[in-house]
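Chemist: In case you want the letters, here they are:
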Amino acid sequence: MLELNFVTVAFFVFSLITLGGGWGVVTNKNLFRGTIWLMVSLFGVAGLFLTLSAPFLAAVQILVYIGAIAILFTFAVMLTRSLTNLRERYYRTWVNVLGAGALFLLLVLGVIAPVWIANPDRALPVSDQVVRTVDFGVALASGEGFVLPFEVASLLLTAAMIGAIVIARDADEA
Amino acid sequence: MTLQEFAPIGVMIIIATVLSFIILFISRIFGPFRPSFRKNAPYESGMKPIGPGTRRVPVKFYLVAVLFIIFDIEVIFFMPWAVVMRDLGLYGLLAMGFFTLILVVGFVYEWKKGALEWD
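Chains E and R, in that order, are what the protein sequence lines are.
Just add 199 to wherever you are in the first sequence, counting from 1, and you've got this note's numbering.
Just add 1298 to wherever you are in the second sequence, counting from 1, and you've got this note's numbering.
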């Protein structure tokens, strides 16, 4: 049964932050404030990663999602000014409710239900290959690790950089 | 346990949050707070404001944001390598050197195309 220790309390606090942030995103009619609430929600997810003993993923969550993706969202809201005030767009209530309910059902069936009905005897053990950030670094850049995908990721990043410049550049300054 | 190691950061976040609320609360109590329509209106050199206060934002912001995301993801790749840099020795250094070399090609392109300049 549920025992009340430090990790459980932290899980509830971070879940509350995540869900509260999500609630703020979907109920706020000002999209800019919605992105700020999204940062709150993502921060809660980073905390959930910490409770799962995944500090590297938590750092990624803070650095990339809150630091970069949320900034991109903010800029996207700024660039599309007409979307900052969504007053007249809340009219298809039943379609929205049905869509959200179907999505929730899918989540329950696909993600949450297997946790409850699964046979514990057939569960795979937690991987002991990659436990800490140090193991991840060894897996990424050592001789026995995944050096080629690591270098290909660099190529991918370069391609993304060039693509961003090509897209955002004016047509006349070729 | 990992979570306990992060308790100091948690304490710092809580203190920072509480402190900022306290500061806002105190200035609200001790400062005069009498908003009116004229005070809340945007300052427009004494003229009556026309149209929305926000201007159209240049698309350059988009470029800056995307380039920043790419920088950020590079940092993500550097981080796990940096914690084992000394153990990996020359091989790790070469792997990261090649990784950086490919990225420098992108940076040179970025610089030459003037994507880092605003105008």
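The hints are simulated quantities; they were obtained by calculation from the structure and are not laboratory data.
From the three backbone atoms N, C-alpha and C, an ideal C-beta is built for every residue, glycine too.
Possibly wrong hints are sitting among the right ones.
Here are some chain R residues pointing at chain E (derived, C-beta under 8 Å) [said to hold, decoys possible]: (1) S1334; (2) F1335; (3) E1342; (4) Y1360; (5) D1370; (6) I1374; (7) P1378; (8) V1382; (9) M1394; (10) I1400; (11) G1404; (12) V1406; (13) W1409; (14) K1411; (15) E1415; (16) W1416.
Taking CB as the label site, the calculated pair distances span [unchecked claim]: (17) R1354(R) with E343(E): 50 to 56 Å; (18) L308(E) with F1366(R): 35 to 41 Å; (19) L215(E) with I1313(R): 16 to 22 Å; (20) S252(E) with I1320(R): 30 to 36 Å; (21) F1335(R) with I235(E): 35 to 41 Å; (22) K1411(R) with S252(E): 40 to 46 Å; (23) E1342(R) with A312(E): 53 to 59 Å; (24) M1377(R) with E343(E): 40 to 46 Å; (25) G342(E) with V1316(R): 46 to 52 Å; (26) L1322(R) with L308(E): 41 to 47 Å.
Chemist: Of the hints given before, which are not true for this structure?
Modeler: 1, 2, 3, 12, 13, 15, 16, 21, 24
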